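*Asks:* These are the residues of each chain, in order.
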Amino acid sequence: MTASDNSKTLEKPNGNLPDNDSRPPRKRSAIGLTFTAANLPTALSLQHCEDCGQVQYPPRELCGRCLGPLAWRDTEGSGVITSRLDLHHSLSDFFKHKLAQRSWAIANVKLSCGPTVISHLDLASFSAQQASEVAAGTEVQVFSHSDCSLQSVLIATAPGQDLDEAAVRSKRARELGLLDPAPKPGGF
Amino acid sequence: MRDYQGVALLAPVSHGYAKQGPHTAPWFIGRTLKLMLEQAGLQKDDIDGFAISSFSLGIDSVIPLTQHFQITPRWVEQLPYGGASGVIALRRAARAIQAGDASIIACIGGDSAAQGSFEVTAGEFSTFTVDASFPYGAAGPNAAFALITQNYMERFGARREDFARIALDQRYNANHYPPALLGHKTLSLEQYLNARPIAGPLHLFDCVMPCTGGEGFLVMSEERAQASGQPYCLIKAAGELHNSHRDDPIQERGGWTEYAIQLYEQASLGVEDIDLVQTYDDYPVISMMQLEDLGFCNKGEGPQFVQSTDMRFDHSGTQQRKLPHNTSGGQLSVGQAGSAAGYMGVTESIRQLTGRAGSNQVSSARHAMVSGFGMINYDRGLCSAATILAGVDQ
Chain C
1 MTASDNSKTL EKPNGNLPDN DSRPPRKRSA IGLTFTAANL PTALSLQHCE DCGQVQYPPR
61 ELCGRCLGPL AWRDTEGSGV ITSRLDLHHS LSDFFKHKLA QRSWAIANVK LSCGPTVISH
121 LDLASFSAQQ ASEVAAGTEV QVFSHSDCSL QSVLIATAPG QDLDEAAVRS KRARELGLLD
181 PAPKPGGF
Chain S
1 MRDYQGVALL APVSHGYAKQ GPHTAPWFIG RTLKLMLEQA GLQKDDIDGF AISSFSLGID
61 SVIPLTQHFQ ITPRWVEQLP YGGASGVIAL RRAARAIQAG DASIIACIGG DSAAQGSFEV
121 TAGEFSTFTV DASFPYGAAG PNAAFALITQ NYMERFGARR EDFARIALDQ RYNANHYPPA
181 LLGHKTLSLE QYLNARPIAG PLHLFDCVMP CTGGEGFLVM SEERAQASGQ PYCLIKAAGE
241 LHNSHRDDPI QERGGWTEYA IQLYEQASLG VEDIDLVQTY DDYPVISMMQ LEDLGFCNKG
301 EGPQFVQSTD MRFDHSGTQQ RKLPHNTSGG QLSVGQAGSA AGYMGVTESI RQLTGRAGSN
361 QVSSARHAMV SGFGMINYDR GLCSAATILA GVDQ
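Heads up: the protein sequence lines correspond to chains C and S, in order.
Going by this note's numbering, the first sequence opens with residue 1, and the numbers climb by one from there.
Going by this note's numbering, the second sequence opens with residue 1, and the numbers climb by one from there.
Derived from the structure by calculation, the hints contain no laboratory data.
Since the structure is predicted, the reported quantities are computational estimates derived from the model, not experimental observations.
Honestly, I wouldn't trust all of these hints.
Computed spacing ranges between beta-carbons, pair by pair [as the list claims (entries may be wrong)]:
#	chain 1	residue 1	chain 2	residue 2	range
1	S	Arg159	C	Arg102	34 to 40 Å
2	C	Glu61	S	Arg155	30 to 36 Å
3	C	Gln161	S	Pro179	51 to 57 Å
4	C	Pro69	S	Trp27	43 to 49 Å
5	S	Lys299	C	Arg102	34 to 40 Å
6	C	Val80	S	Glu223	43 to 49 Å
7	C	Lys184	S	Arg155	37 to 43 Å
8	C	Gln161	S	Arg155	43 to 49 Å
Some chain S residues close to chain C (C-beta under 8 Å, calculated; not the full set) [as the list claims (entries may be wrong)]:
#	residue
9	Ala138
10	Ala146
11	Pro197
12	Pro249
Backbone N, C-alpha and C fix where the C-beta goes; we use that ideal spot for every residue, glycine too.
Hey, can you work out the whole structure from these sequences and the hints?
*Replies:* Structure follows, in structure tokens:
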């Protein structure tokens, strides 16, 4: 990371406009930032209730079941696709520039540990070109990786990969195109 | 639950629809109020209750507006419930009238649409949105509703041709409602199917066009409404429920399933007595869910229902069953003026039930169902509200 990248991140963590530049949306709530921090060293960290054990997502401060306190814990990320699709339109320049090349797949995944997550969908891991080739009901593994806005995001990928290996996770995130900015095609 | 007897709705106003414009939210709310007062023959200081909804007031609330407009209400309410705001405002105001907390309440939704404002609203809609949905493609509400639509289509066998039934009949209605921003254009099935793809199964004509505008109505006692000499309608039943079916992994139904039967019971009416229905149509699948959950057909039968139902305001469609739906064209053809869109079904129904709709008047309209749906917090819409309104022989 260059110094200018760093200052840019620090300059507008809570800017009013949704990050209309060449990186994915970086805005997060204070709790959202703790999701990013908790997930940097591990494949998937989610909040578990210290009283009842319920796993939570999206990030929050209290257990949605018993209103108990929460702690970030390594979590097994197996789940099943409930719905998935290809996006063709976005409000963010990063995704607009990606969409100029090809559609972008996202999924709604029901994790076996409980919560429903919206995630990027790693079509290549299923040897698929379009989201429609990955049926609802397909089993996936959900893991986290930081994108080029230095925020952790969730990625649903094909089962059977060694996601305990950071290098395997980084390869999937890189092939998705999340690790590099997407400048305006043709430059300024 | 106590009934809504003795409460009247009148002076419906829809105003200021434009794709974009320099005016701010108070302009749309204030101009709508002025037109409501003119219609009812009232002065500004006759208003002692004031309820508003807006996404574009910035740091202001209903209270700064009282100074801006120089009014002195003894009852105020602000309802940040998106597409359910209008029906919830109606409920709150009706109870205040019954309790004597206010005597004449103005309920208004109004929003501006400056360049880039939709992107800001979509990107900062809620904490869960900021943290857990917007980063995934930044598609705004289109993404979550497309996931819901895709699931609904696979689960119940709905096709794009079925959603087209809703969009096409609404466009026909909009062609007869002059303020509709898309009312000057017809929409064919071929145009609908060949439209630009947006997100998964959603294409251009499944998505609303953000715009400016204001929608409002007055709530007062029936005695006072009679004395005003203005046509009014009555509330036969109303209900709301939020974050219902919270363990469903993806939204296939809304809170209406839990109180639809009570609505009909409270109104002493059956589904067959409803002459027109206004659903919150931010996307056609949501209208289809409302038709199912409010009892017009069973869950999963929405596609067949819309194929076999004429939803045009003038009953001119070929289908045997007639149920005028979103009789002004709804948001899909009028435009989505932010929070005003949540009031649109109420104002349009008051016009219809008082015989003041004009060129899109439904003949013999006596009972209207108005449904609200709002606030996609993360992966689903959380608010549900519905009311049955009735015309009065005057």
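*Asks:* Hold the hint about Ala146(S) up to the distance rule: shortest CB distance to chain C must be less than 8 Å.
*Replies:* Check passed: Cβ of Ala146(S) comes within 5 Å of chain C, closer than 8 Å.
*Asks:* Taking the beta carbons of Gln161(C) and Arg155(S), is their distance inside 43 to 49 Å?
*Replies:* Given about 29 Å between the Cβ atoms, the range is violated.
*Asks:* Just to be sure I understand the hint, the distance between the Cβ atoms of Arg159(S) and Arg102(C) should be within 34 to 40 Å; is that true here?
*Replies:* 26 Å, violated
*Asks:* Against chain C, with CB atoms and a cut of 8 Å, does the hint on Pro197(S) hold up?
*Replies:* 4 Å, holds
*Asks:* Is it true that Lys184(C) and Arg155(S) lie within 37 to 43 Å of each other by Cβ?
*Replies:* Between Lys184(C) and Arg155(S), where Cβ atoms are some 40 Å apart, the hint holds.
*Asks:* Report holds or violated for the interface hint on Ala138(S), using the least CB-CB distance to chain C and a cut-off of 8 Å.
*Replies:* Cβ of Ala138(S) sits 3 Å from chain C, so the hint holds.
*Asks:* Could one say that the CB atoms of Pro69(C) and Trp27(S) fall in the range 43 to 49 Å?
*Replies:* 46 Å, holds
*Asks:* Does Pro249(S) pass the interface check with chain C, least Cβ-Cβ distance below 8 Å?
*Replies:* Holds: closest Cβ of chain C sits about 4 Å from Pro249(S), inside 8 Å.
*Asks:* Is 51 to 57 Å right for how far apart the beta carbons of Gln161(C) and Pro179(S) are?
*Replies:* Hint holds: Cβ distance 55 Å, inside 51 to 57 Å.
*Asks:* Note whether the CB distance of Lys299(S) and Arg102(C) lies within 34 to 40 Å or breaks it.
*Replies:* 36 Å, holds
*Asks:* Range hint 30 to 36 Å: satisfied by the CB atoms of Glu61(C) and Arg155(S)?
*Replies:* Check passed, 34 Å falls within 30 to 36 Å.
*Asks:* Is it true that the C-beta distance of Val80(C) to Glu223(S) lies inside 43 to 49 Å, as the hint says?
*Replies:* Distance hint for Val80(C), Glu223(S) is violated at roughly 59 Å.
Violated hints, in rising order: 1, 6, 8; the structure is consistent with all others.
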